[in-house]
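Once you have looked at the hints, place chain Y on chain Z.
Residue numbers (the working numbering), protein chains in the order written: chain Z, 9 to 313; chain Y, 631 to 885.
Calculated directly from the structure, the hints in this document are not laboratory data.
A virtual CB, placed ideally from N, CA and C, is assigned to each residue, including glycine.
Hints are not guaranteed to be accurate.
A few chain Z residues that face chain Y, going by a derived Cβ cut-off under 8 Å, partial list only [as the list claims (entries may be wrong)]:
1. 35
2. 62
3. 82
4. 86
5. 90
6. 92
7. 94
8. 95
9. 96
10. 101
11. 109
12. 110
13. 114
14. 181
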Amino acid sequence: MAAPVISVEGLRKSYDGFEAVRGIDLEVGAGEIFAFLGPNGAGKTTTVEILEGYRTRNAGEVSVLGIDPQRADRGWRNRVGFVLQESRLVPELTPREAVEQYAGYYSSPRDVDETVNLVGLGEKANARSSKLSGGQQRRLDVALALIGDPELLFLDEPTTGFDPSARRRFWDVIADLRKLGKTVFLTTHYMDEAQTLADRVAIISGGRIVASGSPESLRDRGVQTEIRFRLPQGLGAADLPGGLGDQARVDAGMVTLGVGDPVAPLRELTTWAQQRGFGLPGLTVGAPSLEDVYLELTDGDAAGA
Amino acid sequence: MSGLALVLHQFRFDQKIFWRNRAAVFFTALLPLIFLFILASVFKNADISTLDVKGATYYVPAILTLAVISATTVKLATNLPAEREAGQLKRVRGTPLPPADFVAGRVGNSLVITLIMVVLVSVIGAVVYGVDIPTSTMPALLVTLAVGAFSFSCLGFALAAVIPSEDAAPAVTNATVLPLYFLSGVFIPEDELPNGVLNFADAFPIRHFFEAMFTAWDPNTTGSGFELGHLAVVLAWGLFGLVIAVRFFRWEPRR
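Just chain Y, same shape as in the assembly:
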C-alpha cells in the first residue's frame, strides 16, 4: 500500500482504536456535549449584555471551540507521549510506513472526530436550544474550523514533543487548556470577565479561535463573518507549533 490508500488504512485503524477506547470517547466526544447541556440549559435565557445575545447562542460556539481543541490538541498531546513511552511509536517507525502518513492518519482522525462533534453540537443547539445554524456565514464557519483544526493539531504535536513522560501528558495538557477556557470566555460569559483577563487571553490562540467561531454563529453578524485578524493569530500559533513539533518530536521513549 502507498499514498492515499496507506493514509486511509492508517486512519481506519486510528478510528477503530478511538471508538473502542471508552475513556477517549468520554473525554473527547461526550464531555463537550455534557458541558453544552449544562451551560446552555443554565444560561439559556441569560442576556450576554456586551454581545446582545442569549446564553444558548453564546454557548454553542463556545462548546464547539472546546470540542475542536479536545479532538485535536488534547487528544494528540495525551495519546502520543503515552504511545512514545510504550515503544509503540518506535515500533511503527521501524516499518515502511512513512512518518508523514502516520501523521496524516492521526490528523485525519482528529478532523473526523471534530466534524462529528461540529454536527452534533450544531444540531443539538438548533433542536434543543433553538440556536440557528449559520447560513450566510457558513463559508466563514468552515474556514474557521479548518484553520482551527489544523492549528490545534499542530499544537497537539508540539505539546506531545515537549511533554517528557506518559504521566505528565494529561497533567500538562489540561493545565494548559483548562485555565485558558475559563480566561477566554469559553466557560464564563465574556461580559462577566474583566478586560484585563480577556487581554491576557488574547495572547493565546483559544480566545481568538472562539471569537472567530462566535462571529460565525452570531445572529447580529452582518456580512460574511470572516474574522481574518483572529484567524491569522490562530494560524500563527499553529505554525509555531509545527516548528516545535518538527524540531523536537521523538519516536523513541525518553527513559
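Bound-form chain Z, shown alone:
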C-alpha cells in the first residue's frame, strides 16, 4: 500500500493544563474520504487544526503529505486545501473573481470556470458573494479550497446550518471530489453525512479515538439488529414480556430493543400485543444507525450541540 496521506501517532495537546487531545493515532490513505466525528469539546477541532498546520502539539508524530505540518511551507500549502469551520467570504467579489484571486496563489491551479461549475455555482458566477445563500457560500468555500488542485482537502463541519436540500447538493459536490481522486478529511457531527460520504470513520470522545473503521463495520459492532416501536399509552419498559424490558431503551414513548436474533423476540412481542389487543405502531426491524453507535460510544454527551 502507498504511504498514507495523513499519519498520526500518539498525538497530544494541552491548553492551560487541560488535555484536549490524549494520545490519538490516525491513518488516512490516498483517495480516501475520511470522516472525523465527535461531539463539541472532544478534541476534534484541535486535532484538525494541528493537521492543518494552524496549531502546535505537545507530543506525538504527525505527517501530512510526508511533511510535519508544524513546518508547513509554500510547497506544502500548494498541495493542501482548507474549508475552515468559520470563514466568511469577501462580499465585494463575485464567486468567479474570488476563485480567480485564489488561483493566483497556487503554482498549478485548476481552470477557474471549470471549478466554479464543479461546485454548482456556474449560474451565480458573476453575482456578488454577499448575494449567495448559505449553501452557495459554502460551495464557494470548497471552490476556493479546490482551485489549487490539492491532493488533500480538509472540510471542517462544512454543512452546519444547512437545510436538507442544500446538504444533499453539497454531498454531491463532495462525491465528485472522489472522482477527482482527492483525499478528503471531513469533520462533521452529522452521522448521516459520514454514513453517506465516508469510506472510513473515526470517532473521538474525551480526546481519544473510541472507534474507527468503515461506517458499516461500526454499525455492526455490538448489537446486530434493532427493533423499534411505539409503546401504547400508559405502559413502560417494565410491562414488556419475557424480560425484554431489560434490553429496552425508551425515548419519548419510542422503544428501541437491541437484540441478536430478532425472530424470537418479535414473536414474543407480537403475541403479547395481540393478547392485550393493541398494535405496535411504527414497528421497524433493522440494523442500528451510525448515530446509535455514536451516541453509545460518546455517552451521548452534547452530540451535535
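Below, chain Y without anything else, positioned relative to chain Z:
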C-alpha cells in the same frame, strides 16, 4: 505566480474590493474632500496669524495629512481586525500566498489611494482655492509623503494587531486619530490652539507629519523645505508600530 507578479495580483484585488465598498470609498476618499470644501471655504481668507498664510493655504496640507492617515492607519486598522474575526485572514494564511506578499498588496493599496487623494486635494486646492502646488519643495513633499505613508501604514498594522474585535476596530481607531486631528491643528488652525495643546500633540506623529506637510506647501518656505526633525519623529513612530505589528499581529480569530 510569485514575486512581484503575485504582489500585483493581490494588489489588483485589494483595489477592486476597495472601490466596490461604498462605505470605504466614502470614508477614505470622499470625507477628506468634504472636509476640504468646508474648511477651505469657511476659512478661505482668514489669516492664520502665526504662520502668515490664508486659511485655504493652511487647510490643503492639513486635509492631505488627514487623507494620508485615512488611507493608511484608519483603513488598515478598521479592515484587518474585521477580516481576522471573519476568518478571512486565516483562510489566506492557509494558501501558498506568502504573508509578506499579502502585506505588500495591502500597503500598495493604501499607497495608491494616498496618491489619488494627494492629486485630488492638490488640484482642488489649486483650481478652487488658488493654493499653488509646490515646485521648489516638491522633493520634500514627496519624501514627506513616502515617510508618512510608510509610517502610518505600520501604525495601521500595529493598531490592527492590538484591537481585540471587529466591533472595537472603528471605535478604537477613531478614538485614537480624531482627538489628535483636533489637537494637532488639522481641523482647528494652530494659532487658535494653546501652546500646551500643541506641546501635547508633539508627542504623537500626526502633528509632526502635518508640520512637515505644511512646510512643503508654505509659500513662505525658503530652501528645499525638508523637515528632517519632524520626519524623524514620524519614522520613529512608524518603526515602533512595525515592531508591535510583527510581535502581535495574528491571522486567526481571537474568539
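Point to revise | Unsatisfied constraints (hint numbers, rising) | key: 1 and 14
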